[in-house]
Amino acid sequence: MPHIANFESHMFSIRRTVALISGCAALLLSGCVTDSGSGSAMPTAAQLNKPPTKDRVLWNYRNGLSALRQGKQEEAKLQFDEAISVIGNIFGSDKSAKKSRNYFNEESKKNFIGEPYERVMAYFYRGILYWMDGEADNARACFRSGELMDGDAEKKDYRSDFVTLDYLDGYATFKLDGDGSDAFKRAQEVSKIGQLPTYDKKANTLVFLEFGTGPTKYAGGEYGEELRIREGRSVVRGAWFKTGNKAIRIGAYDDLNFQATTRGGRVMDHILANKAVFKSTTDTIGNVAIVGGAITAMNRRSQNVGLGIIAAGVVSKIVSAATTPEADTRTWDNLPQFISFTALELPLGSHTATVEFIDAAGRIVPNLTKTVTFTIVEQRDTVLFVSDH
Amino acid sequence: MMMSIQKSLSSWFKPISCSLLATLMVGCTTGVRNPSGVPVTQINADERGFVAGTGIESQDLVAVTDKMARSILSVKEISQATIPPRIVLKPVENKTRFPINKDIFLTRIRSELNSKAQGRVRFLAREQMAALQNERELKQTGQVTSNSNPNVQEFKGADFFLTGTLEGMTTRGTSGTSDYILYNFQLIDARTSEIVWENSAEIKKQGLEDAAYR
Chain A
14 MPHIANFESH MFSIRRTVAL ISGCAALLLS GCVTDSGSGS AMPTAAQLNK
64 PPTKDRVLWN YRNGLSALRQ GKQEEAKLQF DEAISVIGNI FGSDKSAKKS
114 RNYFNEESKK NFIGEPYERV MAYFYRGILY WMDGEADNAR ACFRSGELMD
164 GDAEKKDYRS DFVTLDYLDG YATFKLDGDG SDAFKRAQEV SKIGQLPTYD
214 KKANTLVFLE FGTGPTKYAG GEYGEELRIR EGRSVVRGAW FKTGNKAIRI
264 GAYDDLNFQA TTRGGRVMDH ILANKAVFKS TTDTIGNVAI VGGAITAMNR
314 RSQNVGLGII AAGVVSKIVS AATTPEADTR TWDNLPQFIS FTALELPLGS
364 HTATVEFIDA AGRIVPNLTK TVTFTIVEQR DTVLFVSDH
Chain B
567 MMMSIQKSLS SWFKPISCSL LATLMVGCTT GVRNPSGVPV TQINADERGF
617 VAGTGIESQD LVAVTDKMAR SILSVKEISQ ATIPPRIVLK PVENKTRFPI
667 NKDIFLTRIR SELNSKAQGR VRFLAREQMA ALQNERELKQ TGQVTSNSNP
717 NVQEFKGADF FLTGTLEGMT TRGTSGTSDY ILYNFQLIDA RTSEIVWENS
767 AEIKKQGLED AAYR
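The listed protein sequences derive, respectively, from chains A and B.
Quick note on the working numbering: the first sequence kicks off at 14 and runs consecutively.
Quick note on the working numbering: the second sequence kicks off at 567 and runs consecutively.
Incorrect hints may have been included.
[To be verified] Below, simulated DSS-like cross-link-like pairs (lysine-lysine); rule was C-alpha separation at most 27 Å, straight line:
no.	chain 1	residue 1	chain 2	residue 2
1	B	Lys705	A	Lys198
2	A	Lys108	B	Lys770
3	A	Lys112	A	Lys67
4	A	Lys214	B	Lys661
5	A	Lys205	A	Lys169
6	B	Lys770	A	Lys215
[Unchecked claim] Restraint-style ranges between C-beta atoms, simulated for each label pair:
no.	chain 1	residue 1	chain 2	residue 2	range
7	A	Arg393	B	Phe727	17 to 25 Å
8	B	Met695	A	Thr388	21 to 29 Å
9	A	Ala373	B	Asn700	51 to 59 Å
10	B	Thr707	A	Gln83	42 to 50 Å
11	B	Gly739	A	Lys215	34 to 42 Å
12	A	Ala373	B	Val606	51 to 59 Å
13	B	Ser759	A	Arg69	28 to 36 Å
14	B	Ala691	A	Gly277	53 to 61 Å
15	B	Asn700	A	Lys215	30 to 38 Å
16	B	Ile670	A	Thr294	54 to 62 Å
[What the hints assert, rightly or not] Just a sample of chain A residues kept apart from chain B, beta carbon distances all over 12 Å, derived:
no.	residue
17	Arg69
18	Lys85
19	Asn102
20	Gly140
21	Leu189
22	Thr211
23	Gly237
24	Thr256
25	Gly257
26	Asp282
27	Val396
Calculated from the structure, these hints are not laboratory results.
Just so you know, even glycine gets a beta-carbon here, dropped at the ideal spot from N, CA and C.
For reference, chain A alone in the conformation it holds in the complex:
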């Protein structure tokens, strides 16, 4: 009987020790949870209107595009200028980026600047706004920076392959009495809609179109360490631009689904993959140590050793649980799927145009037709921006 009592007493001691260690572990994990979770206190109105620093550019992107669609160009300029001032100056040491590479911080801790296709679009929209202000050279600067942002693709074929940006780079150069043929040639080489319209110096109306819902991001892999793209969808495949006796059919120059899915691997993907391996390994070590330690601890002679192994296993599990290989899935979620462009010559004065969006079969998509009123003035391009959103 004393033996049984001793054994039960031993087991009680072991259970108590394991419970204490587990309690400490739970405390450790809960102690490190940040206050950004759903369980935190309700944010104030001021907090709701002010993005966290790390998401500021994401807010700039979304707000800028919303403002542009609403015709609030000054607001759109402010938003995109703020975003570009960040994404164009991210060289060197960045504390938030360094933190996101750490095993115990998510990638989303870094200041958001977006994937290349998102950065490209920020420059694209700012370029449109510059052209609206009659600054074709600054518009061209934006298109060129946009092309550079798209130069990171893993496969050479997909680098700097935005048709619209090269085409517009050439068009702006042509309009400024330069030679835009090189840029036109580059655009033609990657064009998916066949022969692009040649530049027309007399064209005084530039129409930028966007339609559909753009791509979004999600995390895949065992620990969400793989950044994946969910393609956007669009019934609309093109548009008719009609004004006076002119009707121009416009196809999509660029598909953001294609741009988002052809980037290939990122440097950050390797870092996240390493984090995932570390998480998996420490978890496995933890499991093995706890089971092995428990078996060892059953033997009275090696009880201390067993308990030590269990403790080591728990620590390893804690480290595993604290490792965060999740990919950053923050997305500029009001982007379109397609962007397009056309230029035409119209007489001076006021005009009204209708833009009819069409599906793949060429049928007009109901409820999306837009009417635009604009004025053509001398010695300046009139720039229109039309969205199906």
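Got chain A; can you put chain B on it based on the hints?
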């Protein structure tokens, strides 16, 4: 026997719990850097700040426009002119990949020349022509007073145009981004179309983003 087990348990439990608590404390002290913020730092416009990119920045503007203003004053058409030549600024063309406020270069060159040339050159305010013509019409119609005959044409014509281009070349690879910018300015004789002065400045910058952004 039991006493010895409990003794040994407590002997290794203490260090483990202490180490866990230490880890807890250390783990929870990270998170917010510069919790009190970073105070505003005033630096000269010709200094490179701690926020820097490969594009056109204030120190480039100052260096380039200082060089151009000094160079213009040494042109014999300016330095040896008996009557101060009149210059009109023509917008700079930006051929780089960086959208910029293009007027800022010529504004600073004009400002430097006006403050340091002691009247050896005069600039014409062509961007104010609409307001100037309106004022003249008001004088001509007698709606406002005039100290001289408002019907005499006194708006000056330009002797020279000052203009320029900013041209760029960019290289981007796995080792980073490199931007070279050529700032070129010209003084053009308005009567003969001759380029009487030309000077340029070159600036090249390189940088590499954190791996988290690549």
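Hints, verified against the model:
no., hint, verdict
1, Lys705/B / Lys198/A, "56 Å, violated"
2, Lys108/A / Lys770/B, "26 Å, holds"
3, Lys112/A / Lys67/A, "12 Å, holds"
4, Lys214/A / Lys661/B, "19 Å, holds"
5, Lys205/A / Lys169/A, "17 Å, holds"
6, Lys770/B / Lys215/A, "37 Å, violated"
7, Arg393/A / Phe727/B: 17 to 25 Å, "21 Å, holds"
8, Met695/B / Thr388/A: 21 to 29 Å, "23 Å, holds"
9, Ala373/A / Asn700/B: 51 to 59 Å, "56 Å, holds"
10, Thr707/B / Gln83/A: 42 to 50 Å, "44 Å, holds"
11, Gly739/B / Lys215/A: 34 to 42 Å, "40 Å, holds"
12, Ala373/A / Val606/B: 51 to 59 Å, "56 Å, holds"
13, Ser759/B / Arg69/A: 28 to 36 Å, "50 Å, violated"
14, Ala691/B / Gly277/A: 53 to 61 Å, "54 Å, holds"
15, Asn700/B / Lys215/A: 30 to 38 Å, "33 Å, holds"
16, Ile670/B / Thr294/A: 54 to 62 Å, "56 Å, holds"
17, Arg69, "14 Å, holds"
18, Lys85, "20 Å, holds"
19, Asn102, "3 Å, violated"
20, Gly140, "8 Å, violated"
21, Leu189, "7 Å, violated"
22, Thr211, "22 Å, holds"
23, Gly237, "16 Å, holds"
24, Thr256, "30 Å, holds"
25, Gly257, "32 Å, holds"
26, Asp282, "10 Å, violated"
27, Val396, "15 Å, holds"
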